[in-house]
Amino acid sequence: MQIALKFYVIELSKYIIAFLMLMYTSLSVFCIVSRKKKPVSVCTSVQSGLLLILMFLCFLDLTFVSGKEEYLYLFAFITLFLFFMITIVTIIYEKSDRILLNNMCLLSGFGLCVVSRLSFDKAFRQYIITLLSFAICLVIPFAIDRLRFFRKLIWLYAAVGITALSIVLFAGRKINGANINFTIRGFTFQPSEIVKIIYLFFIAALLYKYNSFKWVFISAVITGLYVLILVMSRDLGSALIFFVTYVMIVIMSTHNYIYLASGLVGGVAACIVAYNLFDHVRTRVVAFLDPWHYIDDQGYQITQSLFAISSGGWFGAGIMQGRPSDIPFVNQDFIFSAVCEEYGLIVGVCILVISLCCFCRMMMLSYRIGDKFYQIIVYGIGVMYIFQVFLTVGGGIKFIPLTGVTLPFISYGGSSVMSTYIMFYIVQGIVIKSRNYEFRNEERKAAEALTANDTKVH
Amino acid sequence: MKREKQPKRLRQMIQRYINSSPRAKSMVLINMTMIIFCTLFLAMIIYLMVFVSTSGVTLYNNSYNNRQELQYRYVIRGNIYSSDGEVLAETRIDENGNEIRYYPYGSMFAHAVGYAVNGRMGIEDYANYYLMHTGASLSERVSNDLENVKDPGYNVGSTLSVELQKVADDYLGMYNGAVIVSEAKTGRILVLLSHPDFNPGTIKEDWESITTVPGNSQLLNRATQGLYPPGSTFKIITALEYYRENPDSWQDYSYTCNGSITHDDYRVSCIYGTVHGELDLESSFARSCNSSFVNIGLSLNRNSWENTMNSLYFNRPIPTDMVAGSSSVYVGAGSTDYDIMQTSIGQGRTVMTPLHLNMITQAIANNGVMMKPYIIDEIVDEHGNIIRDFQPQSIGRVMTEDEADYLKNMMMAVVEYGTGRALITDAYTCAGKTGTAEFAEDINESHAWFTAFAPADDPEICVTIIIEKAGTGMEYAVPLAKRIFDAYFGV
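Going down the list, the sequences are from chains A and B.
Residue numbers for the first sequence follow our numbering, so the first one is 42 and each next one is one higher.
Residue numbers for the second sequence follow our numbering, so the first one is 16 and each next one is one higher.
None of these hints come from the bench; they were simulated from the model.
Please note: incorrect hints may appear among the correct ones.
[Unchecked claim] In silico DSS-like pairs for lysine-lysine, Cα to Cα no more than 30 Å straight-line:
id: 1; chain 1: A; residue 1: K486; chain 2: B; residue 2: K40
id: 2; chain 1: A; residue 1: K255; chain 2: B; residue 2: K40
id: 3; chain 1: A; residue 1: K109; chain 2: B; residue 2: K165
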């Protein structure tokens, strides 16, 4: 009897999860597109509910199908965690952005669910990191509101970032052909994830104030140094992310589209040079152009990923019914393929659209930020985030050459999770700050208007 | 007027942008960034959807994809049927509960149906995805699960004909060789036979002896992968090229055969040293005069000939979903006269697969349009509902209607008064070309070829036969074609 029940659970939950995900995603899109306030606030509340139901189903499914009761603890944890995240954040910071918060919770929760299915031990570590990240992040909006020296440490940012990357280049440990990790006392870091944020502060602090050619040139040299170190340590994905973010921020700061053109020309030239100079770049291109021919060798990862995606179809194989572990490094670079295999294409596309919603929301929030420094940072975080999603998903489905970066929130990896959390909370912090500022402004205006009226009456 | 307005408006927009505040410029950039990334993602999502909806079957069958193992736990392999509804392969469960793949016709369909242990071959390979996926509904699957039986996989209806395959199999007997019979207008394959064969039912036990004994190539499907010198059957292509280069004057061709031709110290002789005497183009073809065709070959433009070969799928993969070899021929600007002399009569470095020759024959029979050969007709679930119906597909026109008509007449002449006279009958008219591919000194060691279609005026089936080391095509291959035509037309 239990077997029969299991059958129904696997099959039906596939469709129910896809349906709920689709509903959630539609609401998300509606929230982004709609300009009215009231329906949006209703939507976000419905979303929060949907989110918890979705997590409940995913984990119930997982526990039931795997027969491992340990998953129930994880499930209890995740529900409590998400519930607290939504309630605590909205209570402490009532001006925080609900749309972004919901999407973040969904991606994070779903990511934990996927990682749990792939490896229980890894999931456990991921939970601890997530909890830790959340604790750190609770302080960020407060710090942004109170501390004013962030924009003054230009050269400190540059120095710290380059030093951290150089240490990894020379002393790092080789994993997956790239030395991007660094181990101290059993803890492995991937500094490029954190350096991304430091770099963003550096470039924003430099360019919000000075946007003459001289300063753009200096910033270009320093960015070039970052990118070079990353390419040398074979972290091609991060190198690309730094480069693209830099070009977009320069335009944001100068409004001069000649920089875009020269950035594109420079980028293409750099790609050609890298292709001729570095073996690992060539390998990636070869594997992209004809993976089937090199299925034994360079094309192995990507073809395994394609097998996974195509076997899932539109609704997926069902939880625990696929073989995502056949893909090498599925936990990091190919998590999206694992999602597509077991949850199906519809859920995969939903994840992409939700990521896009996060990005669009950040862009829209950055409209209203008066402080140029913070505006650049929010804009930069948005570009960085969505470009990373594009690189990892596009690489995994053979839309673009593989670069090997993580899918923010979903992939396994402490540094990746923590840096994404920090990035999102920096955006939240900046939004809260600017909303507080606007609010105070309006109050002041109202008060002035009141006193003006009073004097008239007298 | 309108045209002038457009640039003006554009210029105004640009002007307005330049004059706007930095804040407004930032807004423009932010909007642009959103549009760029939304477009990129849209493209990516469409790509992903197209990929998922089109790639499933091919990727499932890839031997690097381990997901096949998953299916074995739940699905019992489907059956394969012939076009007349006979079971060609089925899975039986013995008293110990073991699944045994059973092939009622033993080795008769060895290469066509193939096997599914120790790798896969034939229909067992091409239709593997369907055989291992089930169409059972959720409730059926649950009840199957409760009764502890697996879900039935889809059944495959093939295009193969048991009757014709049996005729070919009996005749070929102990000879090595291959037979292909296809429908002239659709490309459906009715017979796909290769000797030596093996018993797919016991392939696991026989694996050692099949794979380790040297010189034993039972697993090679000679019909689709065997590369043979085409011999005189290649004169079809030489004749086609001559027609293309001399569209108005080909009727004027004449040649006097002395039993051999010598050019640049190389000598090519006719079979058995026969002296054919006065010949025109048609009689050269019908009586398969080597000397005359070497003479024709030497007169041809080598670049144009190379193009003709290319358009007929020489030196490149043949368009079919089956595992097939590529025929090769060496003609081009750099060919020596010796090469050309050999190529004109299908000798030298020229090799072809029987499947390829059958496709060219089929194109002639079908007024110049080549059809994609296919062996799987339909996929059916266990209740008999058709899940997928495979339709004939055209590869394209490989020759004009005039050219096809011309070749058809030449091939009819072969049967009327040439090397295919054994096929003269009142029941149907037939058109074909014999071949005797020499690869050793002894003529009796030659491969016997015959490729033909019937009825000549409204072709229904095309037959291509090769019998290894038998002798001449006229003596050994033509009689088999007759038996197949007789069986098909019910004579």
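Results for each hint:
no. : hint                 : verdict
1   : K486(A) with K40(B)  : holds (27 Å)
2   : K255(A) with K40(B)  : holds (22 Å)
3   : K109(A) with K165(B) : holds (25 Å)
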